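Number of protein chains: 2
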Amino acid sequence: MNMNVWTIETPGGREQLSLEKREAPTPKEGELLIEVKAAGINRTDTLTRQNTQLKAPYPVLGVEVSGVVVKNESNSSAFKIGTRVAGLVNQGGYAEYAVMPADRAIIIPESLSYVEAAAVPEVFLTAYQTLYWLGELKNNEKVLIHAAGSGVGTAAIQLARQLSDATIFATAGHADKLEMSRQLGADVLTNYKERAFDKDVASHTEGTGVDVILDFVGASYWDMNLASCAVDARWVLIGTLGGSQIKSLSIGDLMMKRIALKGTVLTPRSDDYKARLTREFSEKALPLFNEGKLKPIIYSVIPFSELPEAHRQMEENENTGKIILSLEK
Amino acid sequence: MNMNVWTIETPGGREQLSLEKREAPTPKEGELLIEVKAAGINRTDTLTRQNTQLKAPYPVLGVEVSGVVVKNESNSSAFKIGTRVAGLVNQGGYAEYAVMPADRAIIIPESLSYVEAAAVPEVFLTAYQTLYWLGELKNNEKVLIHAAGSGVGTAAIQLARQLSDATIFATAGHADKLEMSRQLGADVLTNYKERAFDKDVASHTEGTGVDVILDFVGASYWDMNLASCAVDARWVLIGTLGGSQIKSLSIGDLMMKRIALKGTVLTPRSDDYKARLTREFSEKALPLFNEGKLKPIIYSVIPFSELPEAHRQMEENENTGKIILSLEK
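Sequence order for the protein chains is A and B. Counting with my numbering, you get residues 1 to 329 for the letters of the first sequence. Counting with my numbering, you get residues 1 to 329 for the letters of the second sequence.
No lab work stands behind these hints: they were computed from the structure. Errors might be hidden in some of the hints.
All copies of an identical chain are treated as equivalent in the list; a pair is satisfied when it fits inside any one copy or across any two copies.
To be verified - The calculated BS3-like cross-link candidates involving lysine-lysine, where the alpha carbons are at most 30 Å apart (straight line), are:
# : residue 1 : residue 2
1 : K80       : K193
2 : K257      : K71
3 : K329      : K199
4 : K257      : K55
5 : K138      : K257
6 : K55       : K247
7 : K199      : K28
8 : K55       : K329
9 : K80       : K247
As the structure is a computational prediction, the values presented were derived from the model and not from experiment.
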């Protein structure tokens with residue numbers, strides 16, 4: 001069976017993206033074959049496109065899809081043919097068919113469309129993992145979420161509000177992103193172009209600081225993040241939008257505040273890790289989509305044939321929320 | 001009831017240590033009154049002695065004792081009068097009587113003397129906490145223990161060997177400390193005056209690194225520790241013998257290896273934390289002392305009247321293992 005896929009001519013810019021015909025994949029034991037209805041665009045896709053380490057034949061890009069089960073080679077009866085699922089795949093997402101380990105598939109809540117469902121896995125699983133598995137956020141604690149208008153940021157604000165009744169500090173650089181943060185549940189908003197966020201944290205915590213930081217920024221926020229940490233804070237390093245190189249670090253500061261500084265990336269984690277994360281997320285958070293308490297945030301829906309435009313939006317940082325590629329006719 | 005205690009004339013050197021008479025303390029609800037038989041010397045004691053922030057009346061020094069229960073104001077029947085106990089106290093340890101929260105008392109294993117028991121709480125609780133609560137050491141993982149001849153180092157090697165069958169990398173600067181490490185269960189020994197430990201870690205792990213580092217050294221080992229971290233390593237910052245200031249740090253390195261860097265100090269932790277730690281240690285590790293699988297490492301036993309000599313040994317770093325003050329007649 002042939003299908004249309006997006007791959008590359010050779011590693012490079014958007015002009016290298018190539019729509020081709022390939023043989024549809026065959027699911028192995030434990031996997032599902034999915035007819036793809038929508039695919040999420042992720043930063044890792046644009047990085048893979050440019051990765052000069054890759055050798056031909058080049059992979060089909062894309063790590064996040066929603067669609068319908070057309071073949072079930074797992075021993076789970078939850079994934080009958082026709083079941084609507086979404087989840088992370090190991091490449092091969094920008095295609096009419098994709099294979100996915102069954103233990104990484106999320107059954108799509110009734111209230112969500114395929115386009116909405118494709119906007120859930122990467123940002124909500126990353127937000128859940130960083131807030132709870134790494135950040136160990138407990139009920140009624142205080143959390144500082146940077147890049148509050150990003151996909152993971154908007155998901156994290158919703159989870160911290162709905163699952164933990166946290167006090168949420170959010171930073172962003174535009175009034176509309178801050179307004180969205182407020183609507184999603186953030187309590188204290190800082191426009192970083194106007195004010196230093198550590199002052200807002202100090203004044204709203206009587207100087208005691210926050211218990212968890214989701215840090216997408218890195219170097220440029222280092223000293224303010226350190227100043228914002230409470231004793232026993234968990235500071236999760238997810239991104240380096242503000243640079244990676246710290247010019248000095250005092251171990252004594254980390255010791256006296258007993259700070260846990262945790263670096264993380266999700267994509268290279270093991271299949272088992274992703275399966276356990278998917279299972280816990282499905283139990284604890286997924287039902288809240290049907291109740292309307294959690295919602296995917298979508299910036300744009302782009303037809304499958306216009307992938308280069310989707311990559312352009314991501315690379316020019318136009319989006320607040322997810323960019324979704326639609327394969328629905 | 002009067003008792004002899006060690007306090008200070010004024011903050012300063014060993015010449016300020018002062019043997020005085022004070023009223024014996026009265027245990028509050030939940031506390032034990034202990035007739036002290038032996039007291040451990042700790043770095044925090046010499047630091048308290050020099051702390052110019054302190055105001056008179058100055059405290060009785062000492063945070064670690066063994067002895068016999070003479071009064072039980074807790075509602076636990078485990079601490080009958082005459083019970084042999086050891087544990088951490090909030091100051092007041094260098095004295096003939098001391099009060100201790102009952103939930104922080106360890107019942108002394110039959111096979112240990114009072115002097116041996118006074119050598120257990122601080123180093124073994126710290127080693128247990130850093131290896132298991134912070135380091136999350138799992139069975140058969142690899143652990144790198146610096147300052148292997150120190151009190152906490154010798155305790156950590158024994159725990160990692162007996163509780164986790166870990167592969168243990170130990171560093172120290174003297175052949176006799178390395179030989180003791182080997183006898184206690186370390187697998188790969190590095191004399192840091194002769195070789196770079198990261199080379200030994202790499203060659204014995206096929207370049208994959210260790211899962212846990214207990215880091216008492218800090219700045220001077222920073223790059224070698226980073227190089228020695230496996231993916232998903234837990235790197236516990238306990239001391240800064242080699243300096244506190246790191247000149248540069250790449251957040252990207254912490255992210256790509258998914259390193260958790262955790263600063264810690266035990267003394268200022270909450271009473272509840274210390275009680276939970278004591279309980280778990282008593283269940284999981286304490287029985288191994290009677291089986292001869294764990295043993296306190298003692299460097300010297302000094303009579304109560306000669307405390308300044310005990311502080312001299314600690315401040316001149318003479319000791320391998322604990323310095324114990326004995327009050328037994």
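Now the hints, each set against the structure:
no.	hint	verdict
1	K80 <-> K193	neither (51 Å within a copy, 64 Å between copies)
2	K257 <-> K71	neither (52 Å within a copy, 36 Å between copies)
3	K329 <-> K199	neither (51 Å within a copy, 58 Å between copies)
4	K257 <-> K55	between (47 Å within a copy, 24 Å between copies)
5	K138 <-> K257	both (18 Å within a copy, 26 Å between copies)
6	K55 <-> K247	neither (36 Å within a copy, 38 Å between copies)
7	K199 <-> K28	neither (54 Å within a copy, 41 Å between copies)
8	K55 <-> K329	neither (33 Å within a copy, 79 Å between copies)
9	K80 <-> K247	neither (54 Å within a copy, 57 Å between copies)
Comparing the model with each numbered hint stated earlier shows that hints 1, 2, 3, 6, 7, 8 and 9 do not hold.
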